[in-house]
Structures are given as structure tokens and as C-alpha cells.
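First to last, the sequence lines map onto chains A and B. For what it's worth, the working numbering labels the leading residue of the first sequence as 1, then goes sequentially. For what it's worth, the working numbering labels the leading residue of the second sequence as 1001, then goes sequentially.
Calculated from the structure, these hints are not laboratory results. Nothing here was measured: the structure is a model prediction, and the numbers come from that model. Watch out, some of these pointers could steer you wrong.
Below 27 Å or equal to it, Euclidean Cα-Cα: the simulated DSS-like pairs (lysine-lysine) are [to be verified]:
1. Lys112(A) x Lys166(A)
2. Lys109(A) x Lys1426(B)
3. Lys166(A) x Lys306(A)
4. Lys112(A) x Lys1426(B)
5. Lys306(A) x Lys372(A)
6. Lys166(A) x Lys109(A)
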Amino acid sequence: MADSTVLSVVLYLPVAGMLAIAALPAGRDGAVRALTLALMVAQFLLSLVLYAHFDPATPGLQAATRLPWIPAWGVSYLIGLDGYNILLVMLTTFLGPLVTAGAFTAVTKQVKLFYAMVLLIQFAMLGTFVAQDLFLFYLFWETMLIPMFLLIGIWGGERRIYATIKFFLYTAFGSILMLAAVIYLAWSLWHTTGTASFAFADLYRARLPLETQQWLLAAFALSFAIKVPMVPLHTWLPDAHVEAPTAGSVILAGVLLKMGTYGFMKLGFPLFPDATRLAVPAISILAVVSIVYGACLALVQTDIKKIIAYSSISHLGYVMLGLASVDLLGIQGAIVQMVSHGLVAAGLFLMVGMIYERCHTRELAAYGGLAKVLPVYSVFFLVLTLASVGLPTTSGFTGEFLVLLGAFNAAWRESAPIPVWVAGLAVSGVVLGALYMLWFAQRFLFGAERVPHGPVPDLDGRERAILVILLAAVFWLGLAPDAAMKRTELAAREYQELVARRAVPAATRLTVAAPTEATR
Amino acid sequence: MNFTAVSVAMAPEHLLLAGIVALLVLEIASARSRAALPIAVIFVGAAAVAAALLGASGWTGSPFPGQFVLTPPAAFAKALVLALAVPVLLFSREDFGEGDFYPLLLASLYGVCLLASAQSFLTLFLGIELMSIPVYVLVLLGYRRPESAEAALKYLVLSGTASASFLMGASLLYGSTGSLGLASFGGALASTDLLARTAVVMVVSAFFLKAAIVPFHGWAPDAYEAASVPSTAYMAVLVKAGVLIAAARVFGTAPVAEPLAGLIAILPIASIVWGNLTAMRQPGLRRMIAYSSIAHAGYLFLAFLGDGPGRFQAVVFYLATYGVMNLLAFAALPAHDDDVERDRLENLKGLFHTHPFAALAIGMAMLSLAGIPPFPGFVGKFLIFRNVIAAGYTGWAVIGLVGSYLGIYFYLRLIQFMFMSPAAAKAGHAPSRGVAMGASLLCLAGSVAVAVAPGLLLSRL
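So that you can see chain B by itself, here it is in the shape it has in the complex (with noise of 0.2 Å):
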């Protein structure tokens, strides 16, 4: 183990550790404190540059070999996340001002950033048990009203499953290949033993589960729900990112093939299609995004169909347009002082006469994320179609697309509800504050730079 490679492969790692220390260091020596806000924007963006440096600079290399390894994608696909999770920390304020939110979303951010660097299934498993824990913790946290307790278990329990059902198919590879190592599931991927076969589909839905793909979504619309809104926030973009880059680490850049191509392609269209629909019914935005967002996690693993190569690439700019995008919405949504008519979409009508920034950061997110040209989130769905196109597919891009279509109508109608609608009578939000307006802004101009300049990201993953 060579001491500098760990200090500078691990310096993204090592700065959360150091943010979480102070965190507690500061809950310990004064109870209500405002500077935990500061210290951990300071250390994710710190942690964020380090590892944005550490992409630019190329630097390649394994302290410790078999287990952790970091490349130039890995490395920005790490600064990515790290920034992203920048505007929900400065957005929390207006629902964390101090406390354990803090230490509690840097520890499951030390997890996400280890799954980018794993290369072998105990370190993913680390990884994905470090991002999980904490935020069974994060969806209690906003506790306000009954249904949280009841999410919060609900979604310990379905967590929990999927990471049995991961270390089973691990155990299982193990037992096939011996060898614990991520390569093994590419081999895996093609072998016709069946062993293998079984280990293959219990990471799969393992992911599936983790993700929220049908039909193993059941618990995340109440889990964003009972969750306070950073919390929500957190759930949607940087969790599943988290899955996403996981599942990326473990297929690697081997071909999908028959039967399993057709697992791959049947559930998340079925995700893409239902989390669509089901999404027009709901009442609220939160539980709109989760439909939502279980539909986008359904064009994630689409792009799992695609080349090998350009899978990780797909992945990782799907998620940031689609995470950039998400966190504006809830960044701009006003703050209330009930946590459930906060988001309720018919208190949102006529947002526009009210809080006309808001409601435009918001249209814009809703389009973005209905994959509308010219926001990001159209490239980032042209990149996943194109790849599985290219891979052959055409027949399943299609019905992919056309159910990308459904999802249409429930955007829309929440900028119906906000730019068309008379003002709702007794909305009650609070006027944006600063701090919120900030986190919009920042992620306005992300979105902003990754439309005008997308090859600039494309390039370096």
C-alpha cells in the first residue's frame, strides 16, 4: 500500500471524512450552530475540485489493488456527484438550518464516491451500504407527520432485500468464478452455466430494487414523499446516481446478450411507461418526481443495452442532466410553512403571478426533464437512444421513446398549473429566500453549460 497513492487517489474521500469530523466536532462544542451549512458546503466543494483536478490531470492508479481504483472518468464522475449535491445542501437550510443533516448526507456522499472507484463486489458493497444507511436516517429526519415512520421502515426493509439479494448473487459468482472482483460479472454476463445466470439476475434486481425500477418500485413514492424536501432531493438524483454508477462499475464494458438483453430492456420500459402514467395522477410534487423518476430510472438502464464502451458515458450525463435539472425544481419550489401544502401540485397554480422566478426555474425543469430540446436533458436522452440504437436495438429505442412521450403530459401540466392558471387562493408560500435562489441560480448555470457545451463533459467521461 503506497501511502501518497491513497493520500491522492482517496483526496476526494478524504475531504468528506475531514468535513465529517468537523461537523461533529462543531455538534459537540456548540448545540445550535449556523456555520454547519458553510463547513460542508466547503468540504463537498472542496472534495468536488480535488476531484475535478484529479480527472484533468489524468491520474490513473490503484492504491489498493483489486478494491479501489480510480480513473479520469471515475474521478468526474465523482466531481459531478460531489456538485451536484452542493445545491441541496445549500437549499437544506430552509429545512435544516444545523443538525445531523449535515454529517449524515457527507457520509452517504463517502459512499457514492466510493462506488465510483470500486472494482470489487466488497468494496461496491461498502459503497452502496455507506450511501444507503444514512439516508434511512435522512427520510426520518424530516419527520413531520406519521406516514415518515412508516416510509422510513418500508424503505429500510426493501433496501434491505436488495442487499441481500446483491451479496446472494455476489456469493453466488463467487462460487462460480472465484473471484470477487467486478471483472468476474462480465464473464458472467455471457456464461450459459447456470450458477452464473442466477448470480447475474440477483445483482440485476438487486439494482432494480435499489433504483426503483417496476416492479420493484413500490416504496420510493412513499419514501420521497414522507421525506423532507432536501431529503427528496437527495433521494432522486444523488442515491440513484449513486445505483446508476455502481451498476456501470459492475457491467463494465461488457456486451449485454439474449436472455438477459430482453430483462434488460423489458422492465425498465415497463418503468418508463408506468412511472409515466401513474405520474399524472399524483397530487403532490414530490410524489410526481418519484413517478417520475422511476421512470428515468428506467431510461438509465436502457442505456445499459447499448456498446459497452460508451455505457458509463451515457450513465454519467444522463444523471447529470437529468440530476441538474431534478435539484432546480426542488431548489426553486418556495418554502411554507406546512411540509405537506408546500408541494401540493394545486397550491403551485398561478406560481407564476406570485413567485415568477420560481415558477420559471421550475417550467424549465419540468420540460428538461420531459426531455424537451433545447434543456439538457434532450441530450442527455438523444446520447442513451443513440447508443442503443447503435447497439441494434431500434425496435426497443422506439417503444422507449414513444413511452418517453406519455410522460409529456404530466410536465406540462404543471406549467399549466403554474404559468396558466389563476393564483391559488390560499398557497401560502413563503417569498424565495436567498439561499434557495442561490442553489436555482447555481444549477440554472450548470444546466445552462452543459446545453450550450455538452462535448465539453461527453469528452472527459
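This is chain A alone, in the form it adopts within the complex (with noise of 0.2 Å):
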């Protein structure tokens, strides 16, 4: 098979799965589950073709498939592995397994609905990782609100529709200015060179004026900042977070965030160069904002889930810091980041899930000593923990150190386009996250014993099985991440490349080019 269809398949396995669960007679749940959980091992193991055969010497798209598909305006299928996402893909495929897993005895009812869910969403979230046409990436980024939305409302807490309509709104407010701005973009496209399309490719070559560019990053940014979530704009993920079902926090944590991230790096920041040059100092500053003001929230939660939620925050501000610095060193630690960051939030919400499944309470306090009655579920709890607060050897700490050398190497550049102080303010976020996981971890492990609804039963094979596969993948990313990082070098350089490039029209080429909207 070539790849291009190994990607298909990949892709579109999720979907036949969601027709087989539909055929199925009501009440075999547990044919759904296994039926779910093949379809997702076997996606992985495809997927690992596709990293395997990922050549990291070619530039540009691997696997690809392009069909016309709109001709008329320009508007064609086409997906494609690169640099940029072969990473993020491999994260998906590879959590898919592990949520389907997770659910198995925390979701009783409507289990059908719930497997069509994961499934819909899973396909959703590869197709905005490895389109390559901007109609078709805002068509499968939409998507992916509506199985996100049911998974909350329908199998979350106690406020569930206050959470889920919240998350929609929140998320569809940006959607929809990205799609005012996505067809003024491909326009000026058309309008500029001639060309009708909404490739990335061909995107790249708009030349806009700097004022065009400014409004355009701002709606783009606006839709990924988020579904990042970047300060000011993260009061839904606490709640959405929190009100989810373990799946539905997994899968948010896990690659739905990065949605956002990726989207910078792969549209917002290089579709603009001139406008995110002059913004990174502010994008900078907002990224360390969330750094620091994240951790800070996390460390008064009484709530585990949301100490989980603002780490996230945190977290993923190391990413932004690192595709601002537009240095290879934090680029290539960002996209770590992101992948490190999907593996041990998805571990530590699992881990969530499973003492809330025997306790039923998130509340922090009413835990206590479980390393005494639960050592196994201690000992993975603080090795995940340990790897959320960057310790060597974990994922968590290759991402962060290289985010912080590129941010650093960026400060000290001659137009130092991150303020030395933004820079060491990042470092301080490393502390306070050290500070609230282990003080976390210290409450809710150590000291006098407390186990709600006790005495319970430790981990059994399945959560096992789960967490050593996932902890076999962090151990992976942080003591071998050179394979890893191999595969997106080129696109780390792409990326530079398309920052620094001007995108403005040359000053001769202004005077014949037709209106644009300051003279309308």
C-alpha cells in the first residue's frame, strides 16, 4: 500500500468505525467497546507505518492526496503529512487506544452514542492535523466542536451544560471571525496573483499590506488563542475540564488544546510574517503571562481536575513562548512540548478519572496517604507528576528546556525581539510548576490517610496496561527524543524561514494593486 492510502485509512477508520457502532443491535456494549478499541489499536498501528516511512530529509508534503474539490473556487482535498503534524498525529492515533481503554468501565450508559463520539471526534482531530487546505482544515476544526460538545453535556458532572455550552460558544465566537477572515484571505489571494485557491502552500505567497495582515492575524489569533487557551481567554477550559467525562478531558488535554498551538505554527504566525513580527514582544509577554498566572491558579485549587486545568495553561504557554522566540531551538522544543504536554496532561486526567471512579469526589482534601493504600497508583501518579514538572529524562523537561534556551537565544538576538525579562520571567513558571504539582502530590499522596468511600481497590491490568504504555511513551520522549525531533527539523526551518520572510507588497507593486479595504 503507499502511503498516501495508509493515510486515508488512517483517517477514515474512525468514520466506518462510527457506521459499524451505528448497525450494531442496541445493548452489545460490550462489542461496542471492543469493536472501538480494535478499530483505534489498528489505527495506530498504521499510523506507525506512516512515521516509520516519514522521510525527514524530503521538504514538503509526504503521503499526500489531492483531489479537486471546488473547483470553482479554488477549494481542493488535500491532505499530507509534514513536520509539522507528523508529530501531533502520532500523539493522536497514539492516545486514541488509551481513551477508548480508559472508558471502559467509567462510561454505562448510552455507550453506543459515546464510542460513535470518541471515534467522530478522533477523525475530526487527525483531519485538522493533516489538512492542507484551509476550507478543508476549518471544515474538520469545526467538527470537532459538535462530539466535543455531546461528550461533556451528555456523560459530564453535575454542571455539564453550563460547561458545554459555554465551551461551544467560546470556541465558535473565534471560529467565526477565522472564517470571515479565511475567505477574505483566500479573496486578496485571488484578488493579488491570480490564483483561486485555499491551499496552504499557495497561501503563503499572498502578499498583503501590513494592516491587512494585522486584522487578519488578529482573527486568526483570536480563534487559536482560544482554543489554546491563552490568558485572558481561558476561563472555559477550567469548566469544560472539570464537568467532562475522563474520555472528554483526555481527549481536550491531550490534542485538543494543541489545536490551537499547532494552528500558529501551521497558519496563523507564517500566513503573516509582518504582522507577528511586530506582535511577538505582545505574544511573548501574554505566553509568559499564561505561564505564570496558570500555575499560580493551579497552585490554590482545592479542585484535583482543575489543578490538572491551569497546569495546562501553564503548560501550554512554554509552547507559545517557543514558536514567538521563531528560534530553531524553541520551535523544535514548542512541538515537544506539545507532545509531551499531551502525553502527561492525558495521563494525569486518566489518573483522575480512575480514583474519581472509586471515590467519587475530586475535592483534593478529602484525599490523603494514598501511597499507603494504593502503591501502584502512587508510584505512576508521581512519576507522571514528575514528568509534568520537567524532571530529566521526562518529555516534560526536553520541551521546556529548549523553549527556555530558544527564548533566551531570542532575547539576546540583536533586535531581541522577546525582552530579557519576559525570557526570565518563563524560567520562574518552572518553579511554580514544581511547586504546586509536588505540593499537590505531597497532599494527596502522603501524609494521613484518606480515601473517601474507602478502602478501594488499587489499580487493576487494564489501568495498568494503560499507564505503563503511556509512560513508556514519555520515558521515549525524553531520553531518546532526537528520532522525534529529526522528523520536524525541516519544519522547525520552514517555519523560521516563513516568519522572517516579508509578505508586504513591494512598494512599486502598492500603486497598481487594486483596493483593498482602507480605500473601500
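With the hints in hand, could you dock these two chains into one complex?
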């Protein structure tokens, strides 16, 4: 099979799974679970083939499929792998089976619909990553909202309706302005170069006046920043995380939040380089505010899920800082940090789900001394905590270290796009991160024994298997990040070049250019 | 007048006429017959196929020069409208097993077809009246409560006002240009002559009234609510399609200039915002759809800001996506003994537990109407806003898009009711029946086709 076929199979397996689940008679919950897990495992194994065949030395798209779709508008069905998305695709397919298996005992009502939605969101997330056409990207990007809306709204906690509608309306607001920007961008490309196309590669060639770039960047950035989320657009995240079922939280923290940073990396910054360079100081300050503010908020939470939710805001701040640094190490670090946070946060949310299933509370104060009662659970939890803190040998260290290095490189560059104090402040996030996570673990695992609804059984085989697989990936990325980073290096260089280039029209062309919105 | 041309070009209309005659004969021959539905479906289906074939063959001509013209896009528009009528017929069986519903519906469809081909204000007026008059009766036909009579009368009076305004505009136009051809309207758009401008405003307000654009929208919620579900679906989809196609015929490809552009932007945007905001507070599905359709009329009229040549395409494509999804919602709505209780949103709570297919279908329809991808409604909205931006009205497009955002909440609320609430204690919906299910599947198939291959339809309009 050609790689492009494999990629299509990987992408459409979940859709086939949804149809198969719909065809299953009601009441066959066991069959639904087994079928979903089998599909997810098959999808991951197939994506390993793609990963192995991915050639780090070839620039551009690999395993690509291009079909004309709406030729009159220049919309094509174009999917493919490149250095930007290869690791994120792997992260998505890797987490798929773990999410599925993790929900086996937690979800007992409307099982058919639940797994259909898990498969649908898997499809939409993969589609968003592999889409190389802006129209297609937007389609997948918005489609993600629907299954997540139902996942939180049907299987969530007490305030699930409020949380899910807030989630949907928040993210949809960003998207609607992005839609206007998408249309305007494609129209300007057609207007200035005569190319009717939505393909990313063509859109990079659009020549836009600085003011237009700034407007469009603002529209894209709003949508992406809500998704990341960056302070001050983060208020939907704690609600969504707390009310979501475990699987929803895992998907949200594991993959969905990376959509925002991926969007910035693939679209927002490279499409509007001149506006981006002007915005870098502001973006880096917001990123550091996210890091520090998220960490401070995590410090004072009493709800276990909220601690991890706010830690996500903090960790994704590093990704934004790395992207804003436009330094090779920083960018590479940002990509690693995305994957690392995907693994670690997913693991932590899975573990919170496991304890919640047993004890039915997320109040931190209700727990204590779990290390004595649930030794296996506690060991896994501690390791994940250390990975979240960024202990060397874990993936968290690789990501954060490279990002900070990149930020200081940028701060010491002649133009100093990132102020030194901003980079310095980012380091304090590491300390704060260690503080809130270790304090959390100390109160949770050690001290006087407090187990609500105890005594409770320790982790069973299924749960141990999930966590072992997850930790293997965490250590693999911490000990041998080279293989993964080699695959992203060309993309990081391309990103650097794209953001460094001038995309405003040359002065001579400005006079002949057609009227823009400014003159209308 | 060329006999072949008349019989070929008007084949869809002739088939509808034959259907009406057949239905009337049946009515005389037997008082209660179950054959009415199949006959109506066959004739409307045949008319749709005939129109599609005419369009595919590229037949262009004017059997009545200056009055009636057929071009491939017009033929495809007719095929589309007629195809949309088929599900309406199918799910009307729940409410109208036999009787006057079918001949009235076919007569009204005849009017819609005439509108798509009209070349002069006279034919257009004929089409509008042919389309509207049976609908007044259709609203009353579901007479199950006193408000129906009031709503029908309200609709009749306001629609009559619109017709009067339209005629007045047409005669003023005749006075200023000496022609009743639709082409004279394009000239009047650019004219600074007071008479021509007045004519344009009167004609446009007639369309606004018929399509329920704010502030001419007051009749729509009452009429939609009072009519039975199939009649509501017919009004929301096909009458709206007829009015918009007529408007697209009248505007032709002429560019819209200031100050008319302001009028054409502000009132539709007011409709989008007001329709979407008010829809949030409605207790029943029909009333909610009425306000939603006020908002959708707003999007449709925004399309007139776009460049002329793409206008007809944008309007008809949007009507296709909007129509098929609206019909899906109505077709899937389970039957109920009490017409008022049937679509009360409270009673739809937990519908997924009792009628999973219906809930999924209505849910998809709502998401599509909200313009959420991957449903076809998104492509329609994309096309309209693309044209508006390409014409240089970026500001209006952004305001319109933000207005469309306001609509997301009430569509989501219905999904929340159906999927996330416990089942209503005494909803009392009957189990889904075969014919209605068939109608929903038909709509679903149509929407999937449009979503997967929008290019196929676009290239023909």
C-alpha cells in the first residue's frame, strides 16, 4: 500500500467505525467497546507505518492525496504529512486506544453514542492535523466542536450543560471571525495573484499590506488563542475540564488544546509574517503571563481536575513562547512540549478519572496518604507528576528546556524580539510548576490516610497497562527525543523562514494594486 | 408561438398541471382515496426529473418571448425546488391523508416554477400570486385551533399589501422606463431618477415583506405556528425559495450601488440579528423555525450585495442547503395526537431516548442551520459571505457573520434538550412511521450529497 493510501485509511477508520457501531443492535455494549478499541489499535499501528516511512530529509508534503473538490473556488481535498503534523498525528493515534480503554468502566450509559462520538472526534482531530487546504482545515476544525459538545453535555458532571455550552460558544466565536479572515485571505490571494486556491502552500504566497495582515492575524489569533487557551481567553477551560467525563478531559488536554498552538505554527504566524514580527513581544508577554498566571491559579485550586486544567494553561504557555521566539531550538522545543503535554496531561487526567471512579470526589482535601493504600496508583501518579514538573529523562524536561533556551536566544539576538525579563520570568514558571505539582502530590499521596468511600482496590490490569504504555512514551521522548526531533527539524526551519520573510507587497506594486479595504 | 418550444420548455409546468387535473378527477371520482399521495409524488417527481433533464441538455429558449425564458440554471433551480417538494408531500401523509392539500400544493408549485422563468413583471406577478394564494388556504387547512384563522387572515392581508406594493413599483417602473421587462429593473437600480428609485424601493419592500425581513416579519411566526407541520415546512422552504428566486430574477446581474446597497445590507442584517435573538425565546419548534427563517432570509438577501453573476448561484445553492435541512427537521418530527403539543420544545426533551433516529436527524438539521461544518448549511453560508467579501463589503460580511453567531445558541439548546435532558414525562409522541422516515432519509441523502460534492450542484447553477 502506498503511504497516501495508509494515511487515508488511518483518517477514515473512525468513520467506518462509527457506521459499524450504528449498525450494531442496541444493548451490545461489550461489542461496541471491543470494536472501538480494535479500530483504535489498528489505527495506531497503521500510523506507525507512516511514522517509520516519514523521510526527515524531504521538505514538503509526504503521503499526500490531492483531489479537486470545489474547483470553481479553488478548494481542493488535500491531505498529507509534514514535519509540522507528524508528531501530533502520532500523539492523536497513540492516545486513541488509551482513551477508549480508559472509559471501559467509567461510561455505562448510552455506550453506543459515546464511542461513536469518541471516534468522530478522533476523525475530526486527525483531519485538522493532516488537512493542507484552509477550507478543509476549517471544516475539520469546526467539526471537532460537535462531538466534544455532546461528550461533555451527555456524560459530564453536574454543571455539564453550562460547561458545554460555554465551551461551544467560546470556541465558535473565535471560529466565526476566523471564517471571515479565511474568506478574505483567499479572496486577496485571488485578487493579487490570480490564483484561486485555499492550499496552505499557495496562501503563503499571498502579498498583503501590513494593516490587512494585522487584521487577519488578529482574527486567526483570536480563534487559536481561545483554543490554546491563552490568558485572558482561558475561562472556558476549567469549566469544560471539570465537567467533562474522563475521556473528554483526556482528549481535550491531550489533543484538542494543541489545535490552537498547531494553528499558530502552521497558519497564524507563517501566513502573516510582518504582522507577526510586530506582535512577537506582545505574544511572548501573553505567553509568559499564561505560564505564571496558570501556575499561580493551579497553586490555589482545591479540585484535582482544576489543578491539572490550570497546569495545562501554564504548560501551553511554553509552547507559545517557543513559537514566538522564532528560534530553531525554541520551535523544536515547542513541538516537543506539545507532544509531551499531550502525554502527561492525558495521563494525569486518566489517573484522576481512575480515582474518581473509586472515590466519587475530586476534592483534594478529601484525600491523603494514598501511597500506603494504593501503592501502585501512587507510583504511577508520582512519576507523571515528576514528568509534568519537567524532571530530566522525562519528555517534559526536553520541551521546557528547549523552549527556554530558544527564548533566551531570541532575547539575546540583536533585535531582541523577546525582552530578557520576559524570558527570565518564564523560568520562574518552572519553579512554580514544581511547587504546585509537588505540593499537590504531597497532599494527595502522603500524610494522614484519607480515602473517601474506602477501602478501594488498587489499579487493575487494564489500568496498569494503559499507564505503562503512556509512561513508556513519556520516557522515550525524554531519553531519546532525537528521532522525533529529526522529523520536525525541516518544518521548524521552514517556519523560521516563513516568519522571517517579508510578505507586504513591494512599494512599486502598491500603487497598481487593486483597492483594499482601507480605500473602500 | 412555437408549439414544440412551449411543450418542451414548460414540460415541468405541464406535468404539474396534469397532476392537478388528475388529483381533481380523483377527488370527484372517489371521496376518500389513498391514491392522492402517490399521484402527487409521481407528478412532482416527474416534473423535477423533466426540469433536471432540460437543464442537463442545455436547452435554452423563450417560448413566450419577453415573458417566459428557460435557461439551464433556471431549469436546475426548478428541479431543485420540485425535488424539495417531494419530502413535503411524503410527510404530509401524517396530517393530510387525502383531500385538498395536494392539488393546492401543486398549484402553488406551479407558481414557483413560473417565477424561475419569468422575464417580465407580469409573469412574475402571476407566479407570485399563483404561489401565494393556495398557501393562504394551506394555513387554514390545518384548522385545529382558533388562531389558525387569525394567522391566515394576517398572512392574507400582509401578503396582499406586498402584492400591491409590488404592482405599484412595477407600474412606476413602467412609467419611468416604458417597459415591463425585468431587465428594466437593472437599469433602475443605477438610475438617480426619483420615480425609478421609488419603484425599486417598492419592489424591494414587497420582496422583504414576502420573505419576512425585519421589520416586515410580524406575520411569519403566527402563520408558521398556526399552520400544520407540512404547511409550515412548505412555507418555510418552498415559498421562501419562490420569493428569493423571484428576487434573484428581478435583480438579474445588475450591480447594487449605494444608497440601495445600504438598504439591502441593513435590513437583512437586522433580520439576522433579530431573528436569531428572538428565536431563543420561542416555546415551540415551528415558532423557532419561523424566527430562524427570518434570519435565513437575511443571509439570502445579503447575497444580493455580491457581484451580479454569482448572485443566482449563491441564492439557489443556499436555498438548497437551507431547504433540505429544514425539511429534514420537519420530516423527522414524530407525530402526535395534539398538534400544539407536537412541537413544544419541552416535549422534545430526551427525544433521543425514545426516538433516536428522529433526534439525530433534527440535531443534524439544527447544526446545519446554525452553519456548523461539515453540514451543507456551512457551504451555503460560506458561498454567500464569500461573494459579499469579494464585492468589497467586508464590514457588512463581518457583521453578518457575527449575527449568525448569535443563532448558534438556540439551535444548540434544542440539541441539548433532545440529547442531554431526561425524557419528558408525558411527551406522547407516536413512534416514527415509515413514510416520514423515508422523507427524512431522502433529505439526509440529499444533504450528504450536497456536503460531499457541493461542486456538482454549484457548477450547474
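Subject >> Straight-line alpha-carbon gap Lys109(A) to Lys1426(B), limit 27 Å >> reply: 22 Å, holds
**OP:** For the pair we were handed, Lys166(A) and Lys109(A), check the Cα-Cα distance against 27 Å.
**Re:** 24 Å, holds
**OP:** Please work out if Lys112(A) and Lys166(A) have their alpha carbons no farther apart than 27 Å.
**Re:** Holds, at about 25 Å.
**OP:** Take a quick look at whether Lys306(A) and Lys372(A) sit within 27 Å of each other, Cα to Cα.
**Re:** Answer holds: Lys306(A) to Lys372(A) is near 25 Å, not above 27 Å.
Original post:
Is the straight-line distance between the alpha-carbon of Lys112(A) and that of Lys1426(B) 27 Å or less?
Top reply: Within the cut-off at roughly 26 Å; holds.
Original post:
Are Lys166(A) and Lys306(A) close enough, with their CA atoms no more than 27 Å apart?
Top reply: 16 Å, holds
Checked against the numbered hints given earlier, the structure satisfies every one of them.
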